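*Asks:* My request is simple: use the sequences and hints to build the entire structure.
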Amino acid sequence: MAVTQDNIVKNQDIKPWKFNLKPMIICMLILVALMGTARWYQQWAAWDFGLDATDPMFDVYWMKLFWAQIIIEPILFVIFVGYMWLTRDKHLNDLAPREELNKLILWISMLVVYAFAFYFAGSLYAEQDASWHQTVVRDTSFTPSHIFLFYGTMPIFIIIGFTLFFYAITRLPFFAKEISIPLVLVVCGPFMLLPTVGYNEWGHAFWLMEEYFTVPLHWGFVFFGWSIIALGGVLVQVIKYIIDLMPKVINEKGELLS
Amino acid sequence: MNVTTVFKKTVLMLMLLIVSTVIYAHGERNQEPFLRMKTLQWYDVKWSVKNEATIKVNDELILEGKVHFFSRWPQVINKPDTIFLANATPGPVFIREESYMNEVPMIQSTGVEVGEVYDFRVKLKARIPGRHHVHPMINVESAGGLVGPGIWVNVEGDADDFVYSVETRTGQTIENLGTYATGNVYKWHAIWAAIAAFWLIWWIRRPLLIQRYLLVKDGQWGKLITLTDKKMGATLMVVIIGLLIYANSITREAYEYTIPLQGGRAVVDVVPNSDKGLITVKNKRAEYYLPGRTVTIDAEITNNHNLPIRIGEFTSANLRFINKALPYAVAGLDEGYPEELVAGASLGIDDDTSIMPGETKRVLIDATDVAWEIERLSSLLNDPDSSYGGLLFFYDSNGKRIIKEVYGQILPTFKK
Amino acid sequence: MSLEQHEAKLLSAISTPGSDAAKIARGLDWIVVGILVFAIIAAYHIHMMLTVGDWDFWVDWKDRMNWVTLTPMLLVVIPAALSYPFMEKFGLPIAGTLCALCLMIGEWASRYFSFHLWTYFPMSMVWPSIVIPGLMLMDMVYLLSRNLFVTSIFGGSAVAFAFAPANWPILAPYHVPVIHMDQVVSVADLIGYTFTRTATPEYLRMIERGTLRTFGGESTLISTFFSAFVCMILYFVWWKIGEWLTNMGSTPNVLKKYVGYSDDVEKEKQ
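Protein chains in written order, with our numbering: chain Y, 1 to 258; chain D, 1 to 416; chain E, 1 to 270.
Just so you know, these hints were derived from the structure itself, not from any lab.
Computed from a predicted structure; not experimentally measured.
The C-beta atom is built at its ideal place from N, Cα and C for all residues, glycine as well.
Take these hints with a grain of salt, some might be off.
What the hints assert, rightly or not - Short derived list, chain D residues pointing at chain Y, Cβ under 7 Å:
| no. | residue |
| --- | --- |
| 1 | G91 |
| 2 | G144 |
| 3 | P207 |
| 4 | L209 |
| 5 | Y213 |
*Replies:* In structure tokens form, the structure reads like this:
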């Protein structure tokens, strides 16, 4: 039975396998451009206009940027997540295995973009804040580093994370049938870094006035950062998924069947 | 979807709420007025260069003066038992060469007594070109930095020309403190990174995920981790431990004398103040008139000195209100003091005649200036403690200055 | 546990050199390597910087007490958690090495681009600690023993035991004494004093200030030993947390009826 099926399929026109990495590369380049521009802007505008939050120039060069971010980001969030939902596959149970594999690999490649965006928020821009705290005298909640860290890099990876989450539950049967808890953690844990800013600012206003990085009021960020360990769980689920899926599209010799 | 949007919106609203309440939570102008007025009073502050002066990289700059620790120190912040004399400059654009309080070196932290005055002196050296604001600052443990008056200094030149060399006690000359021993740091990081990269490549060169997952499931550990892998692991273990031993033995030879980080405390003695008790000032009633940016103090002043005295100046939170009718007071204004911190109008005194020895007099003092607004001291209305503090400078008929604290409740006035 | 039929088929397919299946499997490997590198840099770095960051940032915080005690304790956490999926699901004894190298990349990028180029701190002040040897030893113990208890005790403690020896060769030059303003300080203290940190007064440094009971002045040794003890426990606990986070499974999706699955369809299938 299986042999016959193999033969029939072989006669059809089978598209050769190709990794579709273009979306990943384009998104990575966009991120590099965005983050690079942000960093360049910091170098340019922080020292001249960013040291004093009471300076009118601070409003021009920094607060306008902040408000632009606060307005644009929720809109982008709704657009991206809304798009994923509205263009969902309404007949996922009919999805061809080859198509499913293509989508899965595309989704995995986009996780690289998510991780890359998380890198900027969790590593580069996060630690950068420690350096800027050592230069400012008049330190408010808004500094050239906070404006990019909390309201720039964090919303960006949150938007990417939720978009990918919705991609998974609307296009990948495995994640649509049941919600993967590790995946929720990997998306929602880092998302919680943003609300944790509330704890951070409350602490800096009323509890620990001195600025060092290991203060307990920063540990909220650490706690939610840990959720990325669940990526191990996502990885295991993805591998299990692909192990079930791949035999549907390849034969024992490793050739594609559809 | 809807739930997500609602949640997102709620979070945004909360964020904005938080943001709007803490926007002025830190920093010099952003600190609450009742705290700024009752902690440090800086006076006689001088800079070795003028406001807006231009200096070159490697040029030195000295700031010195006096700082008075207010005796009615706010209960809500720690007493200045642990403090550190610093310079409020934007990070290391200037380096700190020397700093002293009452001539005691201030590399370490120290403790001071409230109600006393200390001399300070900080010597800086320009490092990074740009236009920088330079203030003296004292950090008080758990409260944060309390900033003195500042001037603008332009630094010109090339940051690469900056040098700061130091000689160690072991006779070694450090050419430049900023690059000292960094080559050694890079070298060891690179060596360890290479070993780590080797180990990762050792595994990544083979098929990783799907195959290994299936092999694990199949229990084929002999294929997953071969004898060669184990041998390589054991070898690396020996290499790592051996390298640690070797690195430490050459370090011990190269650096025979080392000391731990120094965590001691500097001790600063109080300089006795013979003026104590010469004058007493009692706050009877103080008001601030919001639209007029005016603070009015109704005070009862007793002169226990043997000479007549007059009020020359009121100062609080670095703002200075000078009695321009008194030449000693005008002369007491230091040259180069930032203009924006000196009131344009004279300090208003309803009865500016001398207070005779033994006399007690009720005086209405009026300090009006837009600086109350600019320095955000007018936000007293938002404070949970409506009180104020400041210093009154008196001059006797010989021109001797006597400084007294004045403090009390302050009442808001909306109409006049 | 033996393989099911489709799994055996897949194993044979991806083991065929040059086949489509092998290409897909290998390509997937590389993509996942990309995800892991960035995600681990971010997660491990934010975890380290906000728990023991100040000791790692500044040369004049690297003391014999807190730095040596706390850093290994926090270092062991995430590699221990990732050891579970790496080794138990994929047979890869590289969690510690990968985490260490990722942390190093993240830290150097930050110290150079932010601390040095943006806020002008000299590199002699802001270099990161060396963490690779201890975490590699942890991997080696796991590789050779493949046992949680043995790795907790010998691998977990190795992170602490290797920490001070790994860093002393780069730290020693900064502990040479200097006389400045007639005060004795180490070069590290002097660097901290010289290059102004506006928000870090001297007293904020959480460093060894001395006790009456650090017998023989062997602070580093005492700190290391205590740290090793805690690392053993933390390795075990976090390995278990890693196991829990890896095997969390799934929860029913109430939205699935919108993408073509309904209870009826499920029932029909059954």
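*Asks:* A closest beta-carbon separation below 7 Å is what the hint needs, so does G91 of chain D meet it against chain Y?
*Replies:* holds, 3 Å
*Asks:* A closest beta-carbon separation below 7 Å is what the hint needs, so does Y213 of chain D meet it against chain Y?
*Replies:* holds, 5 Å
*Asks:* Double-check G144 of chain D for me: the hint is only fine if its C-beta lies closer than 7 Å to a C-beta in chain Y.
*Replies:* holds, 4 Å
*Asks:* Please check whether L209 of chain D passes as an interface residue: C-beta within 7 Å of a C-beta belonging to chain Y.
*Replies:* holds, 6 Å
*Asks:* Under 7 Å, Cβ to Cβ, is where P207 of chain D needs to be relative to chain Y, so tell me if that hint holds or is violated.
*Replies:* Hint violated; P207 of chain D Cβ to chain Y Cβ min 12 Å, cut 7 Å.
Violation of the numbered hints given earlier is confined to hint 3; every other hint is satisfied by the structure.
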